[in-house]
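K.L.:
Going down the list, the sequences are from chains A and B. By our numbering, the letter at position 161 of the first sequence is numbered 161, and the numbering carries on one by one without gaps. Position in the second sequence (first residue = 1) + 1000 = our numbering.
By construction, these hints were calculated from the structure, which means they are not laboratory data. All C-beta atoms, glycine included, are put in the ideal place defined by N, C-alpha and C. It is possible that part of the hints are untrue.
Claimed, not checked - Here are a few chain B residues that face chain A, going by a calculated C-beta distance under 8 Å: (1) G1048; (2) S1080; (3) S1082; (4) P1242.
These are the residues of each chain, in order.
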Amino acid sequence: MADITSSTSKANGQPQGLLMRLTRELVRLPGIGQKTAQRLAFHLMKTDTEEALRLAEAIREVKEKITFCTQCRNIAEGPLCAICLDPKRDTSSILVVEEPSTLHAIEQSRAFRGLYHVLYGALSPLDGVGPADIRTHDLENRVQQGGITEVIVATNPTIEGEATAIYLTKRLKPLGVKVSRIAYGIPVGMDIEYADEVTLLKSIEGRRDLG
Amino acid sequence: MPLVRTRGIILRSLKWGDADRIVTVYSPNFGKIRGVARGARRMKTRFGGVLEPFGLVDLSLFQKTPESLGQISQIDLVASYSSIRENLTVMTAAARMVKMVEAITVDRDPNPGMYTTLVHGLKSLRPEADVALSALLFQIHVLGHTGFRPQFDSCTECGQLAKQHIPQWFSPRLGGVVCHDCGQRGVGRMLSLSKGSVAFIEQARRLSIPNLSRLKAIGSVRIEVETAMEAYFYAVVGKSLPTFEQWVS
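Excised from the complex, chain A in its bound form (with noise of 0.2 Å):
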């Protein structure tokens, strides 16, 4: 076990030198602030040496070896990722999601058994962000291609999300495949009376038959 004094200033007992670096590196991801970063790298220094570099070479390999999926352009391992590869997925229907970290929600719900396609981001009006700055030419290309008879869009409900959804319909609905958008409206488990107005004009807009 390292020597944790060493590394401690003793005058206002902060992290110096080697963890401050240390700390520095951690509080530079998502939801990590100052605090939680020096813990961290305390935690880090005090534990194992082959369990900390365990994680150190989780990250290298995660760097070194992740790629894109030629297809989809889901994170994978190789060309293909494991949903493209999987012979028991219905290769008829897409959903298209912004990030992959949406992708990943919903394979995790299991509710969709299709094909995925990540476009990297959302049209901004806003922003300038055109059609040209994601991947929606892929997407096209991947229609054209033939077997595909449903596109589902599961953009976010969103100013941009919504800018996506009306362009790719615009887009995909001359080629001859089905345009679906993600049902949105009341969450489950809350009640009525406290909706805003988009979300009770959203999900009046988008009810179903019963029975």
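Since the structure of chain A is already known, use the hints to place chain B on it.
P.N.:
Relative to chain A, chain B alone:
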């Protein structure tokens, strides 16, 4: 003043951190103000779908000092202008409007005239209307509200009355018309601006926003005015506005 309560239009809503949003609101009493909506992107957020741009909201914002980024404690939707979100062209016109206001104003500088213009401008956007023209007319008004009204009565270089010099040129850098003689000497980039185009801009400036739908601009006048206003706005704020052509690929 730690607690700010005001009505306003949401100009921008930026993702921040893991689950927050930074919202920029333009209000009649406080001008442009910003605040953090904590947890706004989480499933069980109390802000719901209220934080999207173009919405008219009632806002409660807690700020320790006027310069600090406030915390949004409550925000209620007054009008969503939901038709804006249903069409890319309308959305782009609305984006041009809010971006103009965001780019040309500074924080905490109230301008009730600008606020009213923005509300009327967003209200006027309908899919069946000429929204590009609405955005252009809005642009002319916004420049007037902020002291950047282009100068058309005399040459911006030598001060001679403009009427003596036809045809005229427009200098985006100087912010007005340039007479033939000064134009010949060269005062930077100049754009052609006919008498008809100047008359159109002057008329647009005089009419109130709800009455602007009476104005029509076609052909060369439309092209000249659009080009001149776009270049002048860029010269003033140093930022480009979203274009209607960005969706054509």
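K.L.:
Holds or violated: B/S1082 as interface residue toward chain A, Cβ cutoff 8 Å?
P.N.:
holds, 6 Å
K.L.:
For the hint on B/S1080, just tell me whether its beta-carbon gets within less than 8 Å of chain A.
P.N.:
The hint holds - B/S1080 has a Cβ within 8 Å of chain A, the shortest such distance being about 5 Å.
K.L.:
Does B/P1242 hold up as a contact with chain A if the rule is Cβ-Cβ below 8 Å?
P.N.:
Holds. Min distance 5 Å.
K.L.:
Given B/G1048 was flagged as interface, is its beta-carbon under 8 Å from a beta-carbon of chain A?
P.N.:
holds, 4 Å
In summary, this structure violates none of the numbered hints.
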